[in-house]
Amino acid sequence: MPILDELKAAIAKRLPELDVVIGWGKGFDALHHTPVFITSEADLDKLVLGPLSVQNLATYLTRYPKTKKIGVVVKGCDSRSVVQLLQEKLINRENVVVFGFPCEGVVDLEKVKRAFEDQGMEAARVSEASFQGDRCTLTSGGKAGSLPMADLWADKCNRCQYHDAVISDEFVGQRLERKAEDAYADVAAFEAKPLAERQAFWQEQMSRCIRCYACRNACPLCVCRDQCIAQTREPNWVSQRTGVEEKFMFQMIHASHLAGRCTECGECERACPVGIPILLLKRKNNKEILELFDYRAGIDPEAKPPLLAFKVEEEKINERGW
Amino acid sequence: MSKELRIIGFLCNWCSYGGADTAGVGRFTQPTDLRIVRLPCSGRIDPLFVLKTLTGGADGVLVSGCHPRDCHYSEGNFYARRRLEMVKRFLPVIGIDPGRFEYTWVSASEGQRWQTVVRGFTEQVHALGPIQRFGKDAAAMAAQLAASHA
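First to last, the protein sequences are chains W and L.
Residue numbering for the first sequence follows our numbering, starting at 22 and increasing by one per position.
Residue numbering for the second sequence follows our numbering, starting at -11 and increasing by one per position.
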């Protein structure tokens, strides 16, 4: 039985006890999936699954009252967000049913767009998309083009260590049991550049920011919503003034508030309409958290987050000599 | 020493602020680049204070609190230590020299030590020079970089 059918069967089994199940459905064109909210058996036909299921559906969990019974379909990376939300007691374990499946990875739509545009195709008018084996085939405006999947996977999938959901009530299909290496090489490469160049990089990137806060809204762990300190007047962390420094201040707030919490699902970066690589800031913090406290967020719901704890004698923090 | 720079100090009320006072009463000469903000505890310090201050134009930030195990509130500085270490390590990725930020512990009786800390840190910041402000003179900076690559 294909995984999608197994998933539908699993959801159908649990649906009577749930208010809603969140999964992916067909989007506005063949190249996009969009979240669907399943409330009845009839809705199950809308469900799809594949390399286009890019959204992290765990983001929706905190938008419902804690008392609602919610089912959610998760990729490996999304399941870590669920674990983190559980750890912070933002959702109730007994009110959430997690559907896991072996995730082969998702594509980076920007990469797809660029690669097919290089072949002279219009990525905005895709009428058919198929992913078979290690090839991706698109039809657009009567023309068909094919590309190797290896060039299209999202960066986070190339270094993925959690293909199988780390937490699940229903798991369909065979676990992949695969693990890539992630030594934070991208962070190290960026930090090998001279300081002035790093600052100029953010200056250039942030100048494109339109302050839409899509990064915040897509983030499963940005749970303050309307109480976000980026929008309060007192204290006025980010002012109404235009300017790169104001835009960048928000990114520093986002990164600081996610230190020790970020599960690197990459939603901030994916949701960014102007393609600013903001996940890099969060990965930098995660790299340091891993080094200092040997901790990864979103693995164990019972773990104590390192920045909410301390040791009288820290093992790895070097008290500065003066 | 060259032209005065702007250094902001976040000091805890119970130890370091008292230590700075002791240094003043003892008439230990110190450089005058440092402006002090008094806080109830080093645990009060939000890492964003440091980031906002540095991107807002300060050339350096110094945080000082009670020695570990000496916190007036028992454990404020233990939490602070982890957070401040994280900020210190975060600075390089946004293109700010980590030497512009230091955190240390000075008790109320250590006037002499306060003088050493202020002197040392001021010297360190002067060696780095005035900060390149984020969002200011972007065009000039880009041109300078382009020239250095050519």
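Just so you know, the hints here were simulated from the structure itself, not pulled from any lab data.
Remember, predicted model here, so these are calculated numbers, not experimental data.
We put the beta carbon where it would ideally sit given N, CA and C, even for glycine.
Hints should not be assumed to be uniformly reliable.
Claimed, not checked - In silico DSBU-like cross-links for lysine-lysine, where the CA-CA straight-line distance does not exceed 30 angstroms: (1) W:K308 / L:K40; (2) W:K214 / W:K67; (3) L:K40 / W:K90.
To be verified - Quick list of the computed label-pair ranges, beta carbon to beta carbon: (4) L:R107 / W:Q248: 39 to 49 angstroms; (5) L:Y61 / W:K110: 16 to 26 angstroms; (6) W:Q248 / L:A134: 39 to 49 angstroms; (7) W:E38 / L:P28: 43 to 53 angstroms; (8) L:A115 / W:K87: 50 to 60 angstroms; (9) L:G117 / W:K110: 22 to 32 angstroms; (10) L:K124 / W:A206: 28 to 38 angstroms; (11) W:R229 / L:G117: 52 to 62 angstroms; (12) W:N257 / L:R107: 57 to 67 angstroms; (13) W:Q182 / L:Y61: 51 to 61 angstroms; (14) L:K124 / W:D50: 40 to 50 angstroms.
*May I ask which of the numbered hints given earlier this structure violates, with the numbers listed in increasing order?*
Those not satisfied are hints 2, 3, 9, 11, 12, 13.
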